[in-house]
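Taken in order, these protein sequences are the chains called X and D. So for the first sequence, the working numbering puts the first residue at 3; every next one is plus one. So for the second sequence, the working numbering puts the first residue at 62; every next one is plus one.
One or more of the hints may lead you astray.
[To be verified] Simulated DEER-style distance windows between Cβ atoms: (1) T110/D - L304/X: 56 to 62 Å; (2) G87/X - I217/D: 39 to 45 Å; (3) L233/D - L97/X: 22 to 28 Å; (4) G174/D - P90/X: 53 to 59 Å; (5) V104/D - M303/X: 47 to 53 Å; (6) A211/D - I135/X: 30 to 36 Å; (7) G87/X - R362/D: 25 to 31 Å; (8) L241/D - E240/X: 33 to 39 Å; (9) I86/X - P223/D: 53 to 59 Å; (10) S221/D - V285/X: 26 to 32 Å; (11) I217/D - I86/X: 39 to 45 Å; (12) L97/X - L115/D: 46 to 52 Å; (13) G19/X - I372/D: 42 to 48 Å; (14) A211/D - L28/X: 17 to 23 Å.
Bear in mind the hints are in silico, worked out from the structure with no lab data behind them. Computed from a predicted structure; not experimentally measured. Yeah, the Cβ is synthetic: ideal placement off N, Cα and C, and Gly gets one too.
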Amino acid sequence: MRLLVLASRYRVVIILGLTLVASALLVPGYLSASTLSLGLDRAATIGLIAIGLTVLLISGQIDLSGGAVFALAGIVSVILQREIGILPAAIVAILAGTLAGAINGALVVGLKVNSLVLTLATMLIFRSLAHWITNSQPVSGTDIMLSLALAKIYLDVFTIRSALFIILIVLLHFWLTRTIPGRNVFAVGSNPAAAKESGIASDRIVFLGFVFAGTLAGFAGVLQSLVTNTGSPVFGSELTVAVIAAVVVGGTRLEGGRGSALGTLGGVLTIGSLTIAMEFQSVPAYVQQVVSGLILILLVMLDRAVTTKGRAQGTRPALVRDDPITQGGKAWLGGKAWLGGKA
Amino acid sequence: MTDAAVEIVTPDRFTRGSKLVDALSKAGLAFAILAVMLYGSLVSPAFFTSGNLLNVLTSMSIVGIVVVGMTFVLVVGGLADLSVPATIACGAILSLGLQPMIGPLPAFVLAVGLAGLIGLLNGVLVGYVGINPIIATLGIGTIGLGIVQAAVGGVIVYGSNPASAEFAKGRLFGIPVVVLIFLVIALIGHFVLSRSFWGRWTLATGGNYSAAEASAVPVQAVKAGAFVITALASGISGGLLGLTLQSARPLIGAGYEFSAITAVVVGGVSIIGGFGSVPRAIAGLIFVQLLTNVMVLDGVRTPIQGFVLGILIVGAVGMDAALRKRGVA
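Same shape as in the complex, but just chain X (with noise of 0.2 Å):
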């Protein structure tokens, strides 16, 4: 048990570790600078999602809308170049992000309910809005030469993509890690009624998390339209899976009030270096998905079973417990607190 908890707290070293090794292994020339950068760049879309969605597991939150997000303020940005220019096109549709994470919180703190169930059906709107625009057809955009711009490589590694993933990602770390907001975070997440009780406002940072989740999920999507030069409404479905796999490899858990930045990192270099080595060898699309699911799988498994039992009651953090009625809902509940009891 004590090696399971102790795997469990190094895996997201071990786990890319043995990624690494087993690609260079089966994959001829996998090791290089311009794998990295590959890989990088792939990772980069799931990383920016992946940032949104540290946050708001660690709150002890969820949000499954992330992909539908991402295509939606695609097709924004695409669609509105001709209308008003490129840039302020981009900052629109990030702005539509937001306002599409806003949405998701507002929902989940005002009508205090579960936020799986909600991003479900809100996943279900972003994405049938994001049909209802194009028509279901791709659309493109009116400069090619951005998209090549955008592709470039600097200092044989970084595309800006990615060197803005890098960027933000550092930058979260020290805001998690640091400071008052980012370590309020940790408290809701692990136990929503005692953060009330110390006098933090859960309920703003719940939609916050929500709000900051939306924009990385939107800016993710503009930056890939830019770089294709497309949007497109099926964009992004199969980005849900992953991307939850990525935080969960980086030691985030599903039951809120852990994670790191830095373990999210990992997770996502994980999935990226992952899925670069199975187009090389050109694995089927279906069995990439295979595998992403067969991770998320295992560690959630693996978390489940080095979980330190008998939590106090009530103090289960909205994902795991029965009832989903959540923030801030505990406190107040008192002798009928148990209702909700183990999950």
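Position chain D against the provided structure of chain X, taking the given hints into account.
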């Protein structure tokens, strides 16, 4: 003892004993269904034709079989089963793909059985390991769909047995066979949920997990069972879908999970668990299907229909949470 407590306390907690709320929650859906029918017959002359209604009934039956299973998942407090597209694809692809090798009936049975196996995996992860149902079914669904696709090489499978197609598309006493199968499954589901020990266990587990566990209800098995039931139901639904269409592509079941979840929550089955019945879910299904049909006849495009479904889920879940809060506070 537990049984009696559940039967009396549950509606009480939900409506706070108010007769008005109780009546509204029961009659509300009936009114909504009538309103949709009225609107449909006003805007489209095609609505009240036997051809159209029969079409609605047939497509409703395919979703309806899944809805019966999904009701168990929601009532037991399992949130939702997102592996439905995988189990439907499993049922459809295998029941067509295996026909040349082992004949239509064994192919169908094997396909449903394998779908049930996916459900068993879900059930073990959710019930025994204690993983969040949505994450577990999302992961297992992705894996299952990938394996089914890999098994047939990611292509479309076509049927090779005209007799089985005739049967699935055929009618008995003027009623389509698919509708009859749905009615039988719905009756069995209703009987199990409302009249059997398994149903009482399901309601008890969803209503109060700890209390049910303390009363010696095998809560883990009951929770796992709900996912097996849903997977078997979707397997049957997928098999029938494949036989009717005589072709199955890997994404044949995409969207069915949302249709089923929408029907169940619109029917007033609590997403938190512990409350709900098959007839309620089917009333929700009738409402959603009629609404979709009226939108189609009205020329509303598919994306907007998805949009409306999403808003219906948000509205129903929000209302459920509001009612719950009143009941508990």
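Outcome of the hint check:
no., hint, result
1, T110/D - L304/X: 56 to 62 Å, "holds, 57 Å"
2, G87/X - I217/D: 39 to 45 Å, "holds, 43 Å"
3, L233/D - L97/X: 22 to 28 Å, "violated, 57 Å"
4, G174/D - P90/X: 53 to 59 Å, "holds, 57 Å"
5, V104/D - M303/X: 47 to 53 Å, "holds, 52 Å"
6, A211/D - I135/X: 30 to 36 Å, "holds, 34 Å"
7, G87/X - R362/D: 25 to 31 Å, "holds, 30 Å"
8, L241/D - E240/X: 33 to 39 Å, "holds, 38 Å"
9, I86/X - P223/D: 53 to 59 Å, "holds, 58 Å"
10, S221/D - V285/X: 26 to 32 Å, "holds, 30 Å"
11, I217/D - I86/X: 39 to 45 Å, "holds, 42 Å"
12, L97/X - L115/D: 46 to 52 Å, "holds, 48 Å"
13, G19/X - I372/D: 42 to 48 Å, "holds, 47 Å"
14, A211/D - L28/X: 17 to 23 Å, "holds, 19 Å"
Hint violations for this structure: number 3 only, all remaining hints satisfied.
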